[in-house]
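Model the placement of chain L on the given structure of chain S, informed by the hints.
Protein sequences appear in the order of chains S and L.
Using my numbering, you'd call the opening residue of the first sequence number 213 and step up by one each time.
Using my numbering, you'd call the opening residue of the second sequence number 14 and step up by one each time.
Calculated from the structure, these hints are not laboratory results.
For each residue, glycine too, the CB sits at the ideal point set by N, CA and C.
Heads up, some of the hints might be wrong.
Some chain L residues near chain S, calculated using beta-carbon distances under 7 Å [said to hold, decoys possible]: (1) GLY55; (2) LEU56; (3) PRO115.
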Amino acid sequence: GENVEQHPSTLSVQEGDSAVIKCTYSDSASNYFPWYKQELGKRPQLIIDIRSNVGEKKDQRIAVTLNKTAKHFSLHITETQPEDSAVYFCAASHPGFQKLVFGTGTRLLVSP
Amino acid sequence: NAGVTQTPKFQVLKTGQSMTLQCAQDMNHNSMYWYRQDPGMGLRLIYYSASEGTTDKGEVPNGYNVSRLNKREFSLRLESAAPSQTSVYFCASSEVGQGNQPQHFGDGTRLSIL
Chain S
213 GENVEQHPST LSVQEGDSAV IKCTYSDSAS NYFPWYKQEL GKRPQLIIDI
263 RSNVGEKKDQ RIAVTLNKTA KHFSLHITET QPEDSAVYFC AASHPGFQKL
313 VFGTGTRLLV SP
Chain L
14 NAGVTQTPKF QVLKTGQSMT LQCAQDMNHN SMYWYRQDPG MGLRLIYYSA
64 SEGTTDKGEV PNGYNVSRLN KREFSLRLES AAPSQTSVYF CASSEVGQGN
114 QPQHFGDGTR LSIL
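Just chain S, with the same shape it has in the complex:
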């Protein structure tokens, strides 16, 4: 089955810096890659997703890139702000199945 690895497990940046979180997946048939943000004690919330027919997607300060050949995808946050501090999870899904396989999460800390 699908396996998703996520790095780094923790990431500390200064306010205004960029942050990059990387995930690799094992099943070359996976075609849907969402990213979730989870603040302390709260529910995971979808922040951006990408499908395998697209190489990059942007939404304001957030972007996701996908390299199907290498089977990895990354989350890029520019101009980080303290409110970006949270745990970020990547996930992958196989076509025809509604199941998501999640990475183990990255704790992002943005210091003022």
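Chain L alone, transformed into the frame defined by chain S:
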């Protein structure tokens, strides 16, 4: 719209007790899911229901049962709780459409088993 609603929010059980976690969604979604979240392990799928009347095992189904009561409701039952089942449980739902669709999560149930 309330989205995905889970009850209870917190629960403490003794080993061997049973309980049912409730989940309801008002988004008319076909698919529903139960995850557990443990420190350092991300979200792991326990069971899911692709549509009303169907349920399937996920990655960690042992010790759990589920019921898709109707399109809105999907419950998770612990028949004989064990300390290893101490976790935060999240319910989620999604549409069925062209390709995979985003999953929407509830606020979670924090379950401690002594």
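Hint-by-hint comparison with the structure:
A cut of 7 Å between beta carbons decides the hint on GLY55(L): the least distance to chain S is about 4 Å, and the hint holds. Restraint check, LEU56(L) versus chain S: the minimum CB separation of about 4 Å is within 7 Å; hint holds. Among the interface hints, the one on PRO115(L) holds; its C-beta lies about 5 Å from the nearest C-beta in chain S, closer than the 7 Å criterion.
Violation of the numbered hints given earlier is absent; every hint is satisfied by the structure.
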